[in-house]
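Chains A and B are the protein sequences, given in the same order.
If you're matching positions, the first sequence starts at 36 in our numbering and goes up one per residue.
If you're matching positions, the second sequence starts at 36 in our numbering and goes up one per residue.
Among these hints, one or two may not hold up.
BS3-like, lysine-lysine: derived pairs with alpha carbons at most 30 Å apart [stated by the list, open to error]:
| hint | chain 1 | residue 1 | chain 2 | residue 2 |
| --- | --- | --- | --- | --- |
| 1 | B | LYS99 | A | LYS99 |
| 2 | B | LYS99 | B | LYS190 |
| 3 | B | LYS99 | A | LYS190 |
| 4 | A | LYS99 | A | LYS190 |
| 5 | A | LYS99 | B | LYS135 |
| 6 | B | LYS135 | A | LYS135 |
| 7 | A | LYS190 | A | LYS135 |
| 8 | B | LYS190 | B | LYS135 |
Hints were generated in silico from the structure; no laboratory data involved.
Protein chains: 2
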Amino acid sequence: MELAEINRISVADQVASILRRRILDGELPPGTALQELTMAASLGVSRNTVREATRILSLEGLLKRNAHRGVAVAQLSLEDVAEIYQLRHLLEIPAVLAAKMEDSDVLTEMRTALEGYEEAVEGVDWVRAVRFDLHFHTLLIRFHRNRRLESFYQKLLSELRMGMVLVDLRHDDPGGLVPAHRRIYQLLTSGETNQCATLLAQHLRDSESRLTVVMDQRIARAAAK
Amino acid sequence: MELAEINRISVADQVASILRRRILDGELPPGTALQELTMAASLGVSRNTVREATRILSLEGLLKRNAHRGVAVAQLSLEDVAEIYQLRHLLEIPAVLAAKMEDSDVLTEMRTALEGYEEAVEGVDWVRAVRFDLHFHTLLIRFHRNRRLESFYQKLLSELRMGMVLVDLRHDDPGGLVPAHRRIYQLLTSGETNQCATLLAQHLRDSESRLTVVMDQRIARAAAK
DNA sequence: AACTTGGGAATTGTTGAACACTTGACTCTC
DNA sequence: GAGAGTCAAGTGTTCAACAATTCCCAAGTT
């Protein structure tokens with residue numbers, strides 16, 4: 036039986052996926068206004084279907100709806116970043132502390148993510164690097180073995196990613212955070228979870244301040260104009 | 036200027052709210068199948084609007100969509116309950132540990148919730164009691180001062196509430212958990228957060244086992260039939 | 001010149017009807 | 001009874017229309 040990949044995904048969900056990818060890859064930068072009719076025409080679907088898709092994405096936090104004013108790609112504020120990083124601490128630290136020897140499946144996936152990260156940095160592919168960076172952290176959360184938490188976390192990091200792909204490369208070094216990831220991975224494989232947790236906390240603080248600095252500059256530039 | 040409460044909520048959102056209330060109050064028990072046309076007619080709105088509402092609720096986890104098979108009120112499994120309680124431990128314990136003296140606003144709200152809980156139990160109003168019980172715990176989460184976390188937690192407890200309002204009263208004492216809440220509140224007001232955390236952990240285990248027992252019985256009865 | 005005041009034009013919110021497709025039950029045959 | 005064909009019911013999607021709201025711009029007022 037060759038029923039493998041029959042298209043069982045509704046059109047609305049497919050549209051949502053397409054838009055999600057475009058937003059997360061930076062094709063649709065934060066603030067971009069989206070028109071229902073235009074999108075419907077360009078995607079070859081009806082307006083109703085587009086509305087369903089935007090409804091999905093606005094509940095995910097990627098789009099922002101304003102009644103009668105249309106939807107726009109959400110824009111992270113500094114408060115949003117602080118909130119998200121607070122949650123990252125709250126959720127990632129206990130995750131590594133809960134890591135067990137039985138979690139070798141997660142560890143192998145983390146190795147793959149790590150290698151992808153390093154390759155992307157070598158190839159100067161910023162979008163890909165961010166994707167692998169955040170995927171690595173999503174895998175940390177998997178130590179909790181909790182599906183609801185994973186999907187919540189995915190949503191959180193998606194919001195963050197939206198802000199990160201936009202940072203100007205000239206103001207930050209994409210590869211600067213690779214060594215920290217490598218050490219975290221090593222400490223996990225050797226079972227030194229406590230040491231790993233402290234390193235991770237440091238890494239998160241570092242990552243947050245990098246993002247905050249860049250966003251500060253952007254905001255200052257935007258205000259000056 | 037008397038603009039106070041102009042209706043700025045879209046019809047779809049209103050429909051979603053109505054359905055949400057009916058589900059959480061147990062009017063629509065888990066497993067109930069819902070038909071788009073029937074709902075549209077009974078609510079006096081169009082089918083498209085109903086579809087938007089069901090989309091919202093399915094993303095919240097209250098409804099479950101099956102392609103071409105309609106939507107039904109979600110049904111909690113024992114695994115779901117375990118997952119949710121794992122998250123309650125992960126999130127509520129650090130919340131009370133983070134409680135500060137400045138959080139008196141939250142404490143006064145907790146007092147109100149506590150009183151409502153006690154009244155509901157006296158009046159043998161199970162639905163109201165569960166609502167106040169879970170609202171009390173939502174307030175604990177507020178110590179984190181994190182809006183994203185609060186909305187996630189609200190969603191989690193909604194799922195739980197759906198299962199709790201259904202428990203057969205003959206198999207459980209609605210008021211059994213009141214004293215624990217009262218003590219938690221007292222320990223918070225006196226700033227004994229560490230002691231409060233251990234009591235809370237015990238309370239959560241207690242609450243989980245109560246729910247699990249009742250659900251086990253329901254499942255056994257359903258299987259026997 | 002700054003401020004209001006009306007129009008429209010454009011866009012979203014909502015409706016109703018239509019049609020394609022899937023599902024589930026029913027019947028009919030062997 | 002088991003399997004194949006049939007059909008009604010319901011969902012997925014589209015389309016066209018209209019109502020409601022916002023935005024913009026020109027005209028008038030002070």
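(message) Of the numbered hints stated earlier in the document, which are not met by this structure?
(response) 5, 6
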